[in-house]
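K.L.:
The primary structure of each chain is shown beneath.
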Amino acid sequence: MTSLGNTHKNMPANPHENSPGQDVLLDVEGLSVDYGTEADPLPAVSEVSLRVRRGDILGIAGESGSGKTTLINALLRLLRPPAQVRSGRATLYPRSGTPLDLLHADAKELREARWEQTAVVFQSAMNALNPVSRLSAQFTDVLRTHRRMPKSEAREHAAHMLELVGIPAARLDSYPHELSGGMRQRATIALSLVCEPDLLVMDEPTTAVDVVMQRQILRQVIRLQRRLGFSVVFITHDLSLLLEIADRIAVMYGGRIVESGPVGALYRDPRHPYTRGLRDSFPPLRGPMRKLNGIPGSPPDLRRLPPGCPFEPRCPYASSECTTAVPELKDHGADRLVACVHADTLPVPTVGGRV
Amino acid sequence: MTPEPHPSSRTPADSEPAPVLEAVDVTVHYPVHHGPRGETVHALENASLRLRPGRTVALVGESGSGKSTFARTLALAQEPTSGSILLHGEPASARGRRARRAYARRVQMVLQDPFGSLNPLHRVRYLLERPLRLHGSVTGREDVEQRLRALLERVRLTPPERFLDAFPHELSGGQRQRVAIARALAVQPEVLLGDELVSMLDVSIRLEILNLLAALRDEEHLAMLYITHDIAGARYFTDEIAVMYAGEIVEYGTAEDVTQTPAHPYTRLLLDSTPDPDRMEFLAGRTNDVEDTAPDAADDDYGEPPDLVRPPSGCRFHPRCPFARPECSTDRPPRVQVADGHWAHCWLLVQPAAEETRAPSATTPEMTL
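First to last, the protein sequences are chains A and B. Each residue of the first sequence is one higher than the one before, starting from 1 at the first, in my numbering. Each residue of the second sequence is one higher than the one before, starting from 1001 at the first, in my numbering.
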């Protein structure tokens, strides 16, 4: 990132004021998103800051209504009214080209950045392909538009991408309905990577498939990620899945990140009571069992968030200080951030729902 | 911390109560509507199962494996092509309104989606009152009110007055599913058939529902069928597990036997595919999880479930099975007992290879994902 003298018209006055360093691909600071009117706002995402490093898989875990999808929709500029970014900043530092202010880029800049720098695989990935055109057309369309590639070369590249995800090149001229569900899912992933983006966002990409297929797809994504070097933001409600595939995890609750850190440490020693409860909500597959209780209560109503910590009403460790102010996301050493006043004093946890 | 007994800690040996509901060699073939005449979907083949009071059996399998067809057949919502359903040993029938109603009083089904299964136009009170009035012998306003409260208390929706006059949209997913369960319980059934009861709920509240079902099973001696694709959840809360693949039950045993010493290669694949954070403990770091050894992605491709219009000959798993032998593609594997109350359909169990004591579990390193 040496192009300090960039002339990007939409960049903040001094984009490198807080230049996050070479290894950061995406830098988000203080992002807040509201739904609803100014008079009656619903804070879906509140003051989220996060960084995605090059070549990393960042998992974002959270339950329905935690704000995880709103967060990435804001970053990808896919929000629709009444959703609205209230504050914050998000900068993408692509390998090539100038940094991009994601929240303020104009239509032309977005068009250029999409596919080339950011790509996304949605929850219903299986149905994301155009049912009335052949795979070849959908691949070459992207390549011809973004890369101005001649048709024959585009076809060749498309075949190569399909083979990378284990689909024979002979299927290039198939229609989506001629492929099995798993193949469609993999074709969608291949398509998203066709311009070798720096960032691949996956929003619950495997919730519609069963565990056997899920594992195949995830292994493929990790293999491709190793080979092509892109970063992944992986969104899911399934913490146990993230623990296996992610490098780092950010846990969201009530629109905020409540804890983040490297996956191993987060699993072995979660410092936020919610992370701990979530981790212990998955019955173990092996080893001894004891009764698990999940997390009593329900996720917060974003219209009636408590004045203090959003998790306080369900928290077994809550005290009076939790009810007055929202705890800040504080540095907890070893690359970890925790938003809990009791982070230092939580008892040593048990591992994996075991005693 | 003293470990509380987890919900399926009882052994199967402690008395074998007579089954309430039994499926004997049930086969369901659906006609194919948009295709050559005479073609059928072989959705369920020769499935047998016994549901006993106070016991829970899990039906575990991929989507399309026939789990829901089986549940619908047990609820007599689907007529079996062959085979029979026995209630207390007598062939069950839902021919005619009276028989159907009498059957529904004893066998109730709870569906996956509590957002779709509760009529949004009615309050909880109405939703729960209807089964009471249709099936029960309620004796007036006072009696109804009392039973409604008791029902809500049974599913831990307390205080009842907070929920009685609520509309479904005012409740959370977990609360709605509790209402759906309460509605099923209203008729005092003997059997509860649950189809993916918790899969649409948030992870943190699933356990509460599973614990509630376990309590109902133990306190009210309900016989329960729990359909799921989550084998870890099945291990947590059910007594026995039936693993289904492509319309067939391929393995059956106690929850511990099936999950800890699986006998069928498909069960192995299912277990190995299930996210298991504890596995991390055995890895030096995450990066060891996936070795980039294969240039093409074929090695971890176990294919997909077969087309049930033309199911594979022999063992239906053989096209995906890393241990398939010649006989697997020609003859249907017999049922082989591997332990007391634990059996599987697999040729490997009939003729174990020389060095294998108990195939496939002894020789699956290459299958470990």
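Simulated from the structure, these hints should not be mistaken for laboratory data. This structure is a prediction, so every number in the text was calculated from the model and none was measured. Heads up, a few of these hints could be off.
[As the list claims (entries may be wrong)] Covered by chain A, according to a simulated footprint, are these stretches of chain B (three or more residues, beta-carbon under 8 Å):
id, stretch
1, 1169-1183
2, 1203-1209
3, 1231-1245
4, 1266-1274
[Said to hold, decoys possible] To give a feel for the contact side, a few chain A residues facing chain B, derived at Cβ under 10 Å:
id, residue
5, G21
6, V211
7, M213
8, L239
9, G294
Idealized CB from N, CA, C, for every residue including glycine.
K.L.:
For each hint, tell me whether it holds in the structure or not.
P.N.:
Hint by hint, here is what the structure shows:
Only when three residues or more bring their CB closer than 8 Å to a CB of chain A does the claim for the stretch 1169-1183 of chain B stand; here the count is 4, and the claim holds. For the stretch 1203-1209 of chain B, the assignment as covered by chain A holds, since 6 residues bring a beta-carbon within under 8 Å of that chain's beta-carbons and 3 suffice. Counting residues of the stretch 1231-1245 of chain B whose beta-carbon sits less than 8 Å from any beta-carbon of chain A gives 6, enough to reach three: the coverage restraint holds. Interface restraint, the stretch 1266-1274 of chain B with chain A: holds (6 residues with C-beta to C-beta distance below 8 Å; minimum three).
About 22 Å separates the beta-carbon of G21 (chain A) from the nearest beta-carbon of chain B, more than 10 Å, and the hint is not met. For V211 (chain A), the interface hint holds, since its Cβ comes within 10 Å of a Cβ in chain B; the closest pair sits about 4 Å apart. Interface restraint check: M213 (chain A) against chain B, minimum CB-CB distance 7 Å, threshold 10 Å, status holds. Interface restraint check: L239 (chain A) against chain B, minimum CB-CB distance 7 Å, threshold 10 Å, status holds.
Because the smallest distance between the Cβ of G294 (chain A) and any Cβ of chain B comes to about 3 Å, under 10 Å, the interface hint for this residue holds.
The structure fails to meet hint 5 from the earlier list, while all remaining hints are met.
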